[in-house]
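*Asks:* Each chain, letter by letter, is given below.
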Amino acid sequence: KAGVTQTPRYLIKTRGQQVTLSCSPISGHRSVSWYQQTPGQGLQFLFEYFSETQRNKGNFPGRFSGRQFSNSRSEMNVSTLELGDSALYLCASSPGQSSYEQYFGPGTRLTVT
Amino acid sequence: GQSLEQPSEVTAVEGAIVQINCTYQTSGFYGLSWYQQHDGGAPTFLSYNALDGLEETGRFSSFLSRSDSYGYLLLQELQMKDSASYFCAVSLDTGGFKTIFGAGTRLFVKA
Numbered sequence: 014k015a016g017v018t019q020t021p022r023y024l025i026k027t028r029g030q031q032v033t034l035s036c037s038p039i040s041g042h043r044s045v046s047w048y049q050q051t052p053g054q055g056l057q058f059l060f061e062y063f064s065e066t067q068r069n070k071g072n073f074p075g076r077f078s079g080r081q082f083s084n085s086r087s088e089m090n091v092s093t094l095e096l097g098d099s100a101l102y103l104c105a106s107s108p109g110q111s112s113y114e115q116y117f118g119p120g121t122r123l124t125v126t
Numbered sequence: 003g004q005s006l007e008q009p010s011e012v013t014a015v016e017g018a019i020v021q022i023n024c025t026y027q028t029s030g031f032y033g034l035s036w037y038q039q040h041d042g043g044a045p046t047f048l049s050y051n052a053l054d055g056l057e058e059t060g061r062f063s064s065f066l067s068r069s070d071s072y073g074y075l076l077l078q079e080l081q082m083k084d085s086a087s088y089f090c091a092v093s094l095d096t097g098g099f100k101t102i103f104g105a106g107t108r109l110f111v112k113a
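These protein sequence lines map, in sequence, to chains A and B.
All residue numbers for the first sequence refer to the numbering used here, where the first residue is 14 and numbers rise by one.
All residue numbers for the second sequence refer to the numbering used here, where the first residue is 3 and numbers rise by one.
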C-alpha cells in the first residue's frame, strides 16, 4: 500500500504570496490532519478533516485554511505569507474517525523570503 | 490549555536502556501516543496507551498513568539507529480528532 504523499516537497515563496500544499492519504484512510513543524515550536496541530468536513482547528490565524475532497485528498492554503510561516508542513492520515495511529507524509518544506 | 512536557535531550550508550518521560496537563483524551522522527524524516508511530499500564512492542515499551498525568517510553537494547527525536502526543476527545504533541526529546546513542 502506498504511503502518504505530499506535493510539492520543497517550496520557496515571497512574503505576501499565497501557497497551496497537497496531501494524498493512504488508500482507505478518511481522516487527514495537518501540522506545522518548526525547530522552536515542535509539531503544531493545524486542522483535521474527515469525510470532507473540518472537525477540528488549531490556534492558527485565518490565513491558514484547508479542505478535503471526496477522494480524501486534502489541500491546505496559506495566504499573505509571512516570514514566520517558514516551516515543514506535515500531513498525516488515519483510517478511522478517532484513530490514534497516524501515518505521516514526508512533508513540504516551505521557505518564505 | 493542553500541554505536554518532555526532556529536550537524553544521551545513552549503545546496548543500554533509556526512559523518556512525558508529563501532561490535559483532560478528556483518548490516549497517549509516541512517535519517532529521524533527521529529515517524517514522524513514525511507535506505541499507544489507551489504558493505564505498560504496552510492549519489541524493544519499545510505553507506560501511562492517568492519575499521575504521566507517561514514558522505554527503549531497550539501544542501537545507534535509535538516535532520533521522540514525541509524546495526546489525542483529544473533542468530538473529532485533534492531536497535541510534546516538543520532542532528542535521543543521542553513543557507541
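Because the hints were derived from the structure by calculation, they are not lab data.
Quick caveat, the model's predicted, so the values are computed rather than measured.
Check each hint, because a few of them may be wrong.
[What the hints assert, rightly or not] No more than 27 angstroms apart at the CA atoms, straight line, and that leaves these computed lysine-lysine pairs for DSSO-like:
#, chain 1, residue 1, chain 2, residue 2
1, B, K112, B, K83
2, A, K26, A, K70
3, B, K100, A, K14
4, B, K83, A, K70
5, B, K83, A, K14
*Asks:* Indicate, hint by hint, whether the structure satisfies it.
*Replies:* Now the hints, each set against the structure:
Using a Cα cut-off of 27 angstroms, the hinted pair K112 (chain B) and K83 (chain B) holds, with the two alpha carbons roughly 10 angstroms apart. Among the hinted pairs, K26 (chain A) with K70 (chain A) is consistent with the structure: their alpha-carbon atoms are about 24 angstroms apart, no more than 27 angstroms. Annotation: proposed proximity of K100 (chain B) to K14 (chain A) holds, straight-line Cα distance about 25 angstroms (limit 27 angstroms). Among the hinted pairs, K83 (chain B) with K70 (chain A) is inconsistent with the structure: their alpha-carbon atoms are about 35 angstroms apart, more than 27 angstroms.
Annotation: proposed proximity of K83 (chain B) to K14 (chain A) holds, straight-line Cα distance about 25 angstroms (limit 27 angstroms).
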